[in-house]
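Novice: Listed below, chain by chain, are the residues.
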Amino acid sequence: MFADKKKTQIPKASHWKDVVNNFRKHKLAMISLTILLVEIVLLVILPIVMDLDPYSIQAGEFYAAPSAQHILGVDDVGRDVFSRLIYGGRMSLLIGIASATLAALIGIPLGLIAGYYENGLRVVILRVTDMFMSIPMMIAAMFIVSVVGTSMWTVMVVIGFLGWPGFCRLAYGRVLSVKENEYVEAARAIGTPTLQIIVKYIFPNSVAPLLVAYSMSVASSIVTESSLSFLGIGIQPPQASWGNMIYLAQSLSTLSYRPWLWLPASICLVGTVLSINFIGDGLRDALDPKMKIWRKEEAYG
Amino acid sequence: MDNKVILEVNHLRTYFETKSGVVPAVDDISFQVREKEVFCIVGESGCGKTVTSLSILNLIPPNAGKIMEGSSVKLEGKELTNLPAKEMYDIRGNDISMIFQDPMTSLNPVLTIEKQLTETIMRHMRIKKNAARARAVELLNKVGIPSPEMRLKEYPHELSGGMRQRVMIAMALSCDPRILIADEPTTALDVTIQAQILQLMLELKDNISASVIMITHDLGVVADIADRIMVMYAGNTMEYGTSWQLFKNPLHPYTQGLLASIPRLDKRVESLYSIKGTVPKLSLEMKGCKFASRCPYADDRCRKEIPPLFDLRDAYGDGHKVSCWRMERKYGNDVGE
Amino acid sequence: MGMMWGNDTMTKEKVLLNVEKLTKVFRISRGVHLKAVDGVNLYVKEGETLGLVGESGCGKSTLGRCILRLIEPTEGIVEYDGQAITSMRHKQLRQMRREMQMVFQNPYSSLNPRMTIMDSVKAPLDVFQVGTPKERIEQVVEMMKIVGLDESYLYRYPHEFSGGQRQRIVIARALMPRPKFLVCDEPVSALDVSVRSQVLNLMNEIQKEMGVAYLFISHDLSVVKHVSDRIAVMYLGQIVEISDVDELYDNPLHPYTQALISAIPIPDVGDKRERIILTGDIPSPISPPAGCRFHPRCKFATQRCKTECPSLKALAAGHAVACHLY
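Protein chains in written order, with my numbering: chain A, 23 to 323; chain B, 16 to 352; chain C, -6 to 319.
Hint data in this document are derived by calculation from the structure and do not stem from the laboratory.
Here are the computed lysine-lysine pairs in the DSS-like style, where the Cα-Cα straight-line distance is at most 30 Å:
1) C:138 / C:38
2) C:84 / A:201
3) A:222 / A:39
4) C:138 / A:39
5) C:201 / B:282
6) A:201 / C:173
7) C:127 / A:222
8) B:51 / B:220
Just chain A, with the same shape it has in the complex (with noise of 0.2 Å):
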């Protein structure tokens, strides 16, 4: 009766190729995601191709403007500041992906798991998660990273454990809601088993959430990152990050006279940040189950 030859031979759209196209019509994402994308490129290949060195230390040429040998100068010590730029970039996008995946790892489950269940494991998940919220991350992360001592691996286990109560918030936000559909409740009927019904039903329906906040969570851990860097906790030389190249610019005279020493590094924070920022707004709309067009016809009532 439904039976419309025309009609079966539509090819299927999935939802995910829904949210392709959606993405694709974001042109700002579109833009961000290509940014982005050439920038890993970058960060990949040229110290490879390039004969890049961040380390080693150019005798009696500290403070040296940009010139051909050095295309953004040399810093205070003598480094070349475009190897470090380079090298920096991969440390702070390895610190950003890696903190955001961590606290997602920790929050995600945990969350689910707060949501699902209605008894005591509830309660226990969220007030930890409270009480994580209230710690002030800033200080948290210079006191244990003072504490523990720095390296990369304290910086990024630091970001992220600190990082993972809003993960779990949101993910036990959502599972509230999706819980309420009778999908659930069908899938309880079939006699599904729980975690089944947690990984199948429940985490799918919840992913675009917490895609977006994923993707908000690496842009703020690369600041994060800074923020230590820049305070001198974070990653420290003569290892380089954007943020403690950018910690050169507390000395007022690099500041005002010697802006190659901080500018490249503040540029490409400020514009990775952003383009990851845009990326989330991008998905967020993308996956907005309301930009579909059947969503719209029926409203019309």
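Given chain A, put chains B and C in place with the hints provided.
Specialist: This is chains B and C only, laid out in the frame that chain A set:
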């Protein structure tokens, strides 16, 4: 039944812009509402009945849809489609007011009933607060709310669904509108409460000067309250006439199908009639009668040409209009039952 | 034990489901409790449809879910085919789910939007590992034919379907484990009139062919009348009247049933029935009236009704009512 015409809608077309193309949600609809009558627009979801009412009030969200060139909505001779926003604002509430399906979402949850009601009255009737309050009490009495003074102090969530709908009706009546548009006013209510509200509307019908445009999908409700009925399907008028004409002598296959597919308390059948298929997706490319794809009588002509509204006369009087090619040979003649 | 009323001697069909003194109390907050279902007794015979009618808040959906133990009942017994479901352990209960299934009200939220139709319909078989994966797919294809959907739709997602089509899919999913009992919670109330009759006819055909028993929950008395063999009327957590369908509509005894039937608008003009318009609202189930729960809205209420809650009494074969008038 030949009262003065208050509202005249002519060739109303409201199109929506979507990603899959232009959707003609309302496509060339004409009807008239007379003084003190209850005019029902009936149809299933997506037939354009709500869009019709929003078009009358000029409330189509400008970024989504638009009332097309050539459409005309006249309230007592005054054209509304091209009225400036400010003047339209005065019309809404003063001359035309509206009741929605879900009273909870149309009342502000953080304000008392008194505040919401008196402010509406003060704004539209330009009277003092005390007078407005007295009027509010009088209105609540009119819509059958017991101890109105007490109820005025309450917040929307403290009232039951039926009470909230009564408050909405009171609010809509507060400025003596010429026309009251009720969009599925009883759909969200329980059966016994729905009966109360319908009873109230029937009582009010004799006591107020407003004409009522009632939008609903429930043919039972329509039979209870309507003077004249327009049946809509996929943005077009299918059939139009008095309630006697439509219920006793339905002529359009869609109306006939709808009536036959409702399980009835007063009859028992083994298997219900069902209109095969589903409502088509609306698009400008659609040709012919919109119902053709589901109509048991459809022929080639139905699929190619849109039938006009044939104006017929039957045992129940003039003005039975049917948009179906099968009526062509009966055009201008009497059609028996 | 068992049927304390309406012990049908006319029909010899086996009782499939027996519910005794089923009660569900929800805790709203400290000291505030809601008795959604209050000591309900009923039975459903093999292959029949028991309609369960009531207005919002009367506990009909909760009752349906308690029977399937999707909500844990507070008290009472549910027996299916002689086995007490209410005292089953988790593992046993999971096995029982193959026998008893549910069709939901809202076709837009009862299918997982991220799963293809094939995966959704096949899920009950996957959970119980019925047959080989290939056999499961074959069974799904066969079921799609039964519910009248084209098999080319199987690899699409729910949002591509209309409400009526989705409800067919939901029915297909519920029927996959070949259950003998189906709780249908307002299965057509979200559908348009023209599609509603398609789904109702489909459910009737399925019952005839597969012999499934339905507990058909609805607020719409005309729909219930069309599908049911017997009807139970619920008000504020209690069953006030239960009867064979024709008997209930020809001779409604409880004042609430009478009002409910007369409140239904009939789609015809010149209908000169005397309407019984109940006054007042449905009381909150959190603080229901003492005595007969219907007495504040009942025009026949006496002093006795205000203090003493009437119990369900069998008056004729298959017709029981809870009212002091009888």
